[in-house]
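Number of protein chains: 2
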Amino acid sequence: MPFYSKRDLQFQLFENQKVLELTCFKYFEDHSQETFQMVLEAADQIAVTSLFPLLTDMDRNEPQLIGGKIKVHEGMKKIVRQFGQDGWINATFSYEEGGQQLPNTIHLAAGFIFQAANYSSSVYPFLTTGAANLIRTFGSQQLIDTFTPNMYNGKWQGTMALTEPDAGSSLTDLSTMAIPTEKEGVFKIQGQKIYISCGDHDACENVIHLMLARIKGAPAGVKGISLFVVPQKRVPDNEPNDVLTEGIYHKMGYKGAPIAHLMIGSNDSAEGYLVGEANKGLSYMFQMMNEARVGVGMNAAAIGTAAFQSSLAYAKERPQGRKITEKDPSKPQIPIIEHADVKRMLLFQKSVTEGALSLLFFCAKLGDLVHVAEGKEKEEASLLLDLLTPIAKTYPSEICCLTTSAAVQILGGAGYTTDFPVEQYYREARIHPIHEGTTGIHGLDLLGRKVLMQEGKALQLFAAEIIKTISSAKKLNHLIPFAEKLEKYLQRAQQTSFHLFGKASQNPEEFLSDASLYLEYIGILTISWQWLSQGITAHEALDKGSPETDFYKGKLMAMRYFFEYELVKMDGLGKRLVSDDMLTVEMKGEWF
Amino acid sequence: MPFYSKRDLQFQLFENQKVLELTCFKYFEDHSQETFQMVLEAADQIAVTSLFPLLTDMDRNEPQLIGGKIKVHEGMKKIVRQFGQDGWINATFSYEEGGQQLPNTIHLAAGFIFQAANYSSSVYPFLTTGAANLIRTFGSQQLIDTFTPNMYNGKWQGTMALTEPDAGSSLTDLSTMAIPTEKEGVFKIQGQKIYISCGDHDACENVIHLMLARIKGAPAGVKGISLFVVPQKRVPDNEPNDVLTEGIYHKMGYKGAPIAHLMIGSNDSAEGYLVGEANKGLSYMFQMMNEARVGVGMNAAAIGTAAFQSSLAYAKERPQGRKITEKDPSKPQIPIIEHADVKRMLLFQKSVTEGALSLLFFCAKLGDLVHVAEGKEKEEASLLLDLLTPIAKTYPSEICCLTTSAAVQILGGAGYTTDFPVEQYYREARIHPIHEGTTGIHGLDLLGRKVLMQEGKALQLFAAEIIKTISSAKKLNHLIPFAEKLEKYLQRAQQTSFHLFGKASQNPEEFLSDASLYLEYIGILTISWQWLSQGITAHEALDKGSPETDFYKGKLMAMRYFFEYELVKMDGLGKRLVSDDMLTVEMKGEWF
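Top line first, the protein sequences correspond to chains A and B.
End of the first sequence sits at 592 in the UniProt record's numbering; the numbers just go up one at a time, nothing left out.
End of the second sequence sits at 592 in the UniProt record's numbering; the numbers just go up one at a time, nothing left out.
Looking at chain A on its own, in the form it has when it is part of the complex (with noise of 0.2 angstroms):
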């Protein structure tokens, strides 16, 4: 059974984002369209013979806490160890630390296709890859020594330990301690750790912590936080450093990852070792929160993906129904993909997820820039995936628990049953507006931060983004409909954000309460444009000739789908966002 497209995937990297432009800087110069097409195949190789078979089971066979650790299912030993030895948990770091010096782009893309295969069986080498870049890009050379090669080989899991019981949103009210020890940047660590992700399972040897918590007498909230090393296990004596697996979380999906609440130094014998200097815990956290986020929308999109291809799928083989011409009941049932509101469901998920991942690949080559450009290429690349990484995160996780509701639909009767996979996306679609920042942190992070950072520098280079792929779309003639609308629409978003950032100082909680569906409205507008960029390339691909007329038609008509369908729904939002009634400010609690 399908679950991605590699047709799509290729337009996406080489035809859309053209990816190979990475390739002219240095640090990519190694690099080609076949050392690409090698790691995709590759990844498509590990997604077909081993997580993919596993989706199902691993759903049914949830890790168990047993004898105080968690037993997760057989087949992901191997797994694990296939991420780390094939080199997939530091392809993307330099030569001299045994990487391969990919594109975070190319890496995506084949983190995409381990997810729309088994999400859950992704999580474990997606979370070492975070861990150890931290350990790599923040710590000593001596934490960088003792811990990372074992996470690169996927012997060790790392993980990412921020949750704690009374601190979920707010980092702020964290208070696992840290007590300094006689030794040098060595800490006895004292608290617990809620929804840790990977936090214990045995198909590993050791898991190493990245942790937040307090040093004693660190100044109180955010400026108080320091990053941690926890293993589980000392190294390099193997002695267990006091970390136990108190319990486990069973969830509605991605069942497979195991989720683990943790208590660190209950015997007073938990070892930490600082990573970088004291207090800038949180900031450097953030400064690989990019890379997580994006990497988060991704998983929303897999899912998505994943979902849509088995829907459609169905659709092309179930016959239910006829024309709604043909009244003659003895003339034979056709295949649902022929109903108007089936295609319509269908496209729903093709356009959504398509301009997610397009979305998605234009973040992950800011990504790249932000690593190898330099000076004013480099600096507005940061802004700009500052600007949009709320977005990547959060529309595609929002719009992913529709779209696999819409592929549940497809199915009907047999979508809710467990005999078809569409059910368990369904479930695994709902994690992802929730974990890496709630869409209503997202909200506040693009309306109460990023908007106006630098005074709106960042929401300009964006709204020039969009003008210059406008003027090219103006210069296709079938386009200039779609260009026209999109620039109404973002002449609109910008009065709109104006009426908004006239409230910023006076009143900032009616300024952001509801910087969620203004979050919503820009990620309309953002896949918008993604879609006139797929647009383009796919004009022009037909324009020259292209023999694929099926694979670019499907292009168009899933960009006319998003702007007919989509957009329109920045109407409704946009008369809200500039309403004067703020009645969620104004409602109490006793009302309700």
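Heads up, some of the hints might be wrong.
Which copy? The list can't say, so a pair holds if one copy fits it or any two copies do.
[Stated by the list, open to error] With a straight-line cut-off of 20 angstroms between C-alpha atoms, the simulated SDA-like cross-links for lysine to any residue are:
| no. | residue 1 | residue 2 |
| --- | --- | --- |
| 1 | Lys327 | Ser283 |
| 2 | Lys78 | Gln142 |
| 3 | Lys485 | Met582 |
| 4 | Lys255 | Glu62 |
| 5 | Lys78 | Gly502 |
| 6 | Lys485 | Lys569 |
| 7 | Lys18 | Gly413 |
Read the hints as simulated data drawn from the structure, not as lab findings.
Put chain B on the given structure of chain A with help from the hints.
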């Protein structure tokens, strides 16, 4: 933990729908405020003491097919009998039939309480009522005497056996055969039925299937479908009737209710008894459909209500973060209900579930009027109910997938775990856009049939009802802006409808291609109207000096929410509905 609001249910029934008006009709003359309250109290008792306590456990311990028999949760035996013995199954039927002549509206309200407490458990009696209703309405006295007493007392389960492997949405294609025997009205049945809710289980002594089948030689299509009673065991000899349980479906939610795959007549010895006349089976079913479909809308609204109440209780207690204007991290955290974005998600749930309830009870009362009124009143109630039924089924079904999602979001990571019931509500909500006719089917029903019937008379009645509410609202100062807004949207909806009707004869496929969107569009208009009605009731109560100011202010805020955040969605939908881009018709399968 609260799963519904008693106060709101009182408001809906007695203040808003003025259900006591029904007691002026002879059929209901023995009833009063007191008898209605007793019924509601009795339902609450069962829900609190028997149903809600099993909510989670029935989800975790699914029915299993063991040795050809489905074994359900042990607790269901007592519940199923209690529903029977306490008279819930036939409460609306006449005294002569052993019923209580209870209005459908109050019966539905009791059902709402059961469904909000534990949806799976509520399915059992709901189906028995529907099946018994078919027998008593269309069956011979002999069938009535043979089958209904043990259905009423809860010993026997009733089912609706429609769906087949090749006939889901397309009932035209039913192929289960009925072969006449020597005995009049007795047929041999052969075929298979899938997705039969409560099609077999061990909490009853017999299962009475109301089954659609085609009498040998009957015309093709819907005109050749007949209705049969097919018991699992023959009556009175209690011998097996060759109805075998071939399989059980495992599904995403409402796992406590068993869904069976049945083989009928594999050994050529399944007896079925014709209900009413041959070839009229589908029309009999459809005469019962309105009730069943309003019932499904209520299922969805009940689950949405339970999720709302659950997330509301959590939001009041969970401290996290501080006011946007509070920068001092040493200040205590505040309950999340004080954050505007959380209030927005709660108001969304409140406005949508209470708006849906208002429509559902309006429809239920129409159902009662159809039953007991006469002449023009009856005729108009019937027409209006026909028109509103696809909306009353679909609006709650679709939107409660989103409100249960909002409930999960409010709980954040906790909401995704099985530690709280919201994830279960999210899974259980998802069935309703599928069963009793998918959303696509209801879209076609509304646009292709209902709005055009009797030259648009139902649509005129609908508009007249809305205008009546608008006129009343215009007499109340604070409601004038809302009345004017609704008036404007009503006019636009009429224009949009006429625009679409213009296409009906030229090109039916284009006319109906966005029928699902039209249903959504009219659904929002309908709920806005219901909110204006609730606003009037609340406004009048406050004007009269009611001391319950919190409750009524909450009502007015929820109305404001609906007008500010939901009604405006008609803008984008309306734009699409009048667009000439027929892309979902034009799209081809091979372009995906």
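Against the structure, test the hints numbered earlier, and report the numbers of the ones violated in rising order.
-> 2, 5, 7
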